[in-house]
Structures are given as structure tokens and as C-alpha cells.
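Kindly produce the complete structure, drawing on both the sequences and the hints.
So the sequence shown is numbered by my numbering: it starts at 855 and just counts up by one.
Do not rely on the hints blindly, as some may be mistaken.
Straight-line distance between alpha carbons at most 25 Å, and here's what the computed BS3-like set of lysine-lysine pairs gives [stated by the list, open to error]:
| # | residue 1 | residue 2 |
| --- | --- | --- |
| 1 | K1237 | K1122 |
| 2 | K1287 | K1059 |
| 3 | K1157 | K1223 |
| 4 | K986 | K1223 |
| 5 | K1097 | K1122 |
Ranges between beta-carbon positions, derived for each pair [to be verified]:
| # | residue 1 | residue 2 | range |
| --- | --- | --- | --- |
| 6 | Q1230 | D887 | 25 to 35 Å |
| 7 | A1017 | P1197 | 40 to 50 Å |
| 8 | V903 | K1056 | 29 to 39 Å |
| 9 | V1366 | P1291 | 52 to 62 Å |
| 10 | I1310 | S1350 | 14 to 24 Å |
| 11 | V903 | Q1230 | 18 to 28 Å |
| 12 | M949 | A880 | 46 to 56 Å |
| 13 | D887 | E1189 | 50 to 60 Å |
| 14 | A1354 | S1192 | 58 to 68 Å |
| 15 | A880 | A1259 | 46 to 56 Å |
| 16 | P1148 | S1348 | 24 to 34 Å |
| 17 | I1310 | G992 | 49 to 59 Å |
To be clear, the hints were calculated from the coordinates, so they are not data collected in a lab.
For each residue, glycine too, the CB sits at the ideal point set by N, CA and C.
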Amino acid sequence: MAILLGEILQSVELWLKLMKKPQPEAYVNPNLDPVLLVPGVGGSILHAVSDPDGSQERVWVRFLSAEYKLKTKLWSRYDPSTGKTESMDPNSTIMIPEDRHGLYAIDILDPDLMIGSEGVYYFHDMIVEMRKWGFEEGKTLFGFGYDFRQSNRLQETMDRLAAKLESIYNASGGKKINIISHSMGGLLVKCFMSLQSDIFEKYVKNWVAITAPFQGAPGSTNATFLNGMSFVEGWEQNLYISKWSMHQLLIECPSVYELRGCPNFHWKHVPALELWRERHDSEGKSHVVLESYPPCDSIEILKQALVNNTVNYDGENIPLPFNLDILNWANKTWEILSSAKLPSQVKFYNIYGTNLETPHSVCLGSADKPVTDLQQLRYIQAKYVFVDGDGTVPIESAKADGLNAEARVGVPGEHRGILREPHVFRLIKHWLKAGVPDPFYNPLNDFVILPTAFEIERYKENGVEVASLKEEWEIISKDQDDLSNTADKMCSISVSHEGANQSYSEAHATLVIHPGTEGKHVQLNALAVSVDAL
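As C-alpha cells, then:
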């Protein structure tokens, strides 16, 4: 049945491709510096290549036959001798398509999905926006997809990124490159910066990291180890891959272990794995207690919870416990990340997400239903202690890049949805100087403060000096918080000062704010009077 559905899917995909209309040629600015987009976990299309005949099929992401392809092509086992996780299917190899100079793999993750397609948009909106600014695919705009199952420091990935940077540098006529990374892509770039600092310094001009888990995402990762995860939310996840199947994939992925975070980071609020458990005192009486396990201690709980975890592949039961070999590899990765230094010629910018409840500590069981068997943790719905962040990465982690940043700016938004935020587009355009620079734009508050009038008058007579000032600005913000409030706002302030020998001065100022559809008009009127000493 699955094979028949696959044949139908291939026919539908071919028909949809023929139906797509070619896009008109976009404006091109040949003076722009090249940009390389680097996605996060799950953010690259993956193809399975059949070893016998070389045929290819997309196995990530796809909605039809998604579960079947994940199990048969992407379930994998970790090889501690190489640090690489290898697919269980011995007759296929996972590769990343390089169509459109790498952009195809990170644009729309299921290009043939017609309904609910925004759920698989990755860098799509940003690519569209940057083409409007004058970027051209293959000349100034490129993508770097990768096998996100692997470690962020896998030598094979590091070599591919080095070759990619060199090819972009040559294709753009020797211009240095701006890297824009999202999520775990920030860890990959930082590993590369640490391990191949000379190449990074030679080819990179600016690096913009968006919602990077610089100290991990411990709440989301602990929940993933125990309960799995959904790559998409809403009704689409009913058509996609079950959390259990994703769990069995991710339990052998070094990248996920690396997302547990740096074991030596000093959290302001320490993330914990919390369990309600029944204990007995010396007299045999039972009582329920809430036990809290910080990151290092939680490893033992995860080991016991997954000790008998297995997956059936091709009729064989394969054990998939919590993998201590991968954990040791991940800890060495964090040593590399912690030692990374930003070259002095490279400018670094950090955009982090805010205003969303973000899992930080995970709690299982309750006072009424305590945990009695750790192996049942996989079947218990987790509850969370939340902190501020983007829904996946806490602010505390995202801001702790350990680098000399030119700016760190918080933008309200969801972890992946932030890639569609106009505020993020304006920040990138401003930092990369993609277009005519606006000297009045303030990236920290996303305002354009435009002075429109300035008048000052002074006169002095018989020891009395009078000065009047009138100044006006337009404060323009693309995202108005409260367009319904159209009433003027006014405030006044007065100050006075008595000096020696009966000298005296005073000043009065009135500030009026007139809301408008495009922003606010601010008017300042001030008057100062000074009387000389007798």
C-alpha cells in the first residue's frame, strides 16, 4: 500500500511542478555583498539516494508517506568511531540537494504542498524579501543545507561549509560573505568559527544569528528525549509524523544531545527535570515529594527512563537507550563552542525571540499521581516551568553568545515564525547595508526618528535673556502597537534655579504627541528665561 501511495505522490508532484508559473525577473543590485543562509534543526530538505541505481527521493520534509519514509530512510544508529549517525537502511545514502545554489533545500521544505504550506516555510519569506532588495540567487544569495541529525562539528559538515564559503567568495568576485543563521545553525557556525577560524576570518564579513540556542534549549530537549516532538503545529501535524517516530529518530542524533546545553553554564534560573515521586520513611509510611534534578543529575533519570527503549526495523528489535557515547561527544562539542573567538574583522549581531512562554524545566507526575516507574515517563504528559523566550529557546540562552556583539536585539516572535517578522527584515537590511542607509533608523526600538522642524530664537535686554525653542519629529514605526488610540497626548515640565546674588533662571517645556496612521508626530515647545545677578 505504501509503495502504491508513493507512486501516486510522485505523479502528483510532477503535475504540480508543471502547473507552477515562472516568476518574473526581480530587481538586481550587483553592489551587494553575498549572503549565506544557514538553517536550524529540521530546516533542510533531505534526499535519500538509492545506492544500486542512484535514484533520489525526498524523505524530509514530506507530508504524504512522511511516517513511512522517516522510518525506512531516516531512522539511524550512531557510530562512536566516526561521530556520525548512519541510516539503518544499508542501501541508501542521505544527501542535501544543491538546486538554486543551496536555496532550494532551505526555502519551502515541502515545495509541493498546496494546503497549509506556511507550516513548511523556512527561509522562504526572507528569500523573497531579500530578492526585493536586489539580491540574486547564485550571485549574492546562497543557502547551506545540511543533515541536521549529525553533530554541529562533524568534519564532513565543516568541510562542506568551508568549500561553500570559498565558492561564494569566488562567485561574487572576491567579496566577503554575510552569514545569517537560524536556531541550531548558530551552533554550527560557531563550531566552524572555532575549528576553522582562519577560513572563517578570510571569507566572512558579518554574522547575524537569529534565535540561536547559544547555551542550549534544555526544557524543549528534555521533553524531546522523553516524549518526542512535533515539527509542525496545528492541524497539519495530524497528517505528518507521530511524536513517537520523531522520538526514535532524535534519540540517535548528536545534534539533539548538543542542544541540551553547556554543562558548565551558570544559569540565573537553573533548568531542572522535576518528578513527583512516592517515598517511604523508616517506618514504612509513604509520602509524595517533588524531586528536582539539575542538568547533570537528570542524565541518570533519562538513562533509566529509556533503558528498555527499542525500535523494530525490518523485523528486528533494535535497542535505542539514552546514548552515553553521544552525550560524551556532545560535551566535547560544548568545549569547542565555549572556546570560540570572534575574529576582530568580523561583526556579529544577535537577534533573539521574546514574549512567549518557553519551556525551561520539565515536571512529570503530580501530587495525586506520583511517578512509580521511571520507564513510564515516556507515556506521561509533561508540564513545564516557563521563562521568557521564543517558545523554544530561553532569552537567557539566546543572549549568552559569549562573543563581542555589535548589537543584541530582542524581537517578539515565535522560534521559527520570527523568520517572517518585518522587524527582523529591517534589522538585517540596516546591518548589512542592503540599500540606501537610513541615518535616522534606530534598530533597538525599530523606530525611524525623522526631524522635521527646528527653530530657536534668543535675545537679551537689560540683564534678562530669553530663549525659545521649537522642535518637531516624526517617529515612524512599521508595527504600531495601538492604532486605535488617536487622541493627542501632552505633558509639561518646568524647572527653576536660583543662583548667587539674586540671579535666577527658569524654563518651561510642553511636549505634544499627535498619533497618526504611519507613526507619531512629536512637537516640543520650550521657553527659558534667565536674569543676571544684581
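(request) Of all the hints given earlier, name the ones this structure violates by number, lowest first. (result) 4, 5, 6, 7, 9, 11, 12, 13, 15 and 16
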